[in-house]
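A.B. asks: Fit chain to chain and form the complex, with the hints in mind.
Protein chains in written order, with the working numbering: chain A, 66 to 295; chain B, 95 to 195.
Calculated directly from the structure, the hints in this document are not laboratory data. There could be a bad hint or two in this list.
Covered stretches of chain A (chain B as the covering partner; in silico rule of three or more C-beta atoms under 8 Å from a C-beta of chain B) [said to hold, decoys possible]:
hint, segment
1, 102–112
2, 176–184
3, 258–264
Which chain A residues face chain B? A few, computed with CB under 8 Å, are given here [as the list claims (entries may be wrong)]:
hint, residue
4, F160
5, D197
6, N201
7, Y203
8, L242
Every residue, glycine too, gets a C-beta built ideally from N, C-alpha and C.
Spelled out, the chains give:
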Amino acid sequence: MHIMEGFLPLHWAVIWWILAIPCLIFGIIQLKKILASDREALPLLGVTGGFIFILSSLKLPSVTGSCSHPTGTGLSAVCFGPWITSVICAIVLLFQSLFLAHGGLSVLGANIVSMGIVGPLAGWGIYRALRDTGVNMYFTVFLACAIADLCTYIVTSLELALAYPAEVGGFLSSFALFMGIFAITQIPLAIVEGIVLALVFKYIVQLRPEILIRLNVFPDEKIRAAGSDA
Amino acid sequence: MSPRYRLEILALVAILCFCGLFLFTSSIMGDAEYAGSDTVGSSKVAELAGLSEEDFQPLVPQWEPPSGEIESCLFALQAAIGGIFVGWVFGYWKGQKNRSI
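Pulled out of the complex, with its shape left as it was, chain B reads as follows (with noise of 0.2 Å):
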């Protein structure tokens, strides 16, 4: 293994390990939801306090997302906004770098 590139193939190999893991689990949990850690956490929040989920009222009004899809769509612009950056910052350095060879 070429030591030079190590790290990536570690990478891509933790990757689908990752991926793996996950059809293999997905396989045999055939109940398991996928639900949001957040939400389990808030269902046993409620449980512990012998209420129920709806009692929770947010002490700060709040917006939220009408659906799923406009949530996804926030979601996928936080990446976005974080790819921008990255990507831009990582296109000036190269550029940076091949100027000062």
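Next up, chain A with everything else stripped away, as it sits in the complex (with noise of 0.2 Å):
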């Protein structure tokens, strides 16, 4: 979901950077008071952030013939909600394009807004929507992952089909161009990522459910049934 150093005009990587900056602001303003407030969000917040890491570095292949990487984002935004789960992003986006060359400086924005900001509020979105209906916690988790992850890219296509219109059809054909690109290469991606980001929710409500009932990520019920039948 990279777009690479030097892809964006300047004006484009300008107009997000601007979007993301009190996005990340907000986020560290909330990540600040969650850490003092709750000692034990600390090692959530290791977990939900070292998912980030893992899942951001591997290249898998797709049916497409290319590769491309899952996000990690959605296990973040069900436990934290979107904009720390920005804050986080930033960071690893960070070091992918001062070290790996994936992404860039000035078009740093323009990811943080797909992979850290757009994508988990969708996610974000989902999980929220189905939070207190009847369906199964898992399964919510799931699909917040899986649509955490593929809005990201849908987001990418976005980004670069502004900049880029096509001479014939505009904005749309290469929206269209892009989205077969990046999103048809994601879809199988986003579901086993979906299904392994479920399975980890699983072990910390085995582990630790205080912490997921104290910071209210699903209704008390839901998380006691699920911890008591493990």
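C.D. replies: Here it is in structure tokens:
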């Protein structure tokens, strides 16, 4: 999902930075607040952040004959919300632009918006919608993670299509083109990522259900019921 | 199927299907290069802009890993950092839980 350094015209790079910065500032404020109020939130942040590090470094082959990587942001979005997730993503993306030439400093804003903000926001939206319904808790996490992953790549396609509308067909035709490259490749990856992160969530529920209850991730009864039949 | 390990079994099946899908597509698509989708996307950008890829110069100077080996080393390092966090916390929680029983 990385847009490579130099591949966005300056004005687009600036626009995405302007969108990303307030979200990051808000995320940092939220992060400080949660770490000050709950000591046990830090280990959970370590796990969810750790999975963003791991999954976003795995480049997996897909059906389109190209490789792409999952994002791992859904789990963090479910536990901490999209804004804190965007701060962790910004750290990962900064690492990748400085040391791996994946992305770059001028396009970092655009990459933060896709992987750190809109993706997690979409996953979080799904999770919020299903949280208090009868839908299975792990299925909710699966869906949130898969959607967060997929939306990241849809936004990347959108960012590139806005900057490079096709001569024939304009924005829509180049959006379809980039969706073919990024989003189609991503579908099988998003499904596997969703299942793996749902499994990780299950282990968190088994080991430390209190933290999830305290952070109000899911209603008490759901977490207790899931913890007791384990 | 025991409900206790339902999710584990599901994850295993999904990963095996993913591997199977890869083996199947790579056998029918002989010319697939398995390049990164970032690279494919970038060459599409160059095509749309009517420029060659070399015309896209970094706006901010950038260090690039000198070879694919060094790049994969750094990617492995990134995954390892994540793995350390995850393993450390799960161990910490497990220890807390065992002590409280």
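A.B. asks: Are any of the numbered hints broken by this structure? If so, which, sorted upward?
C.D. replies: 2, 5 and 6
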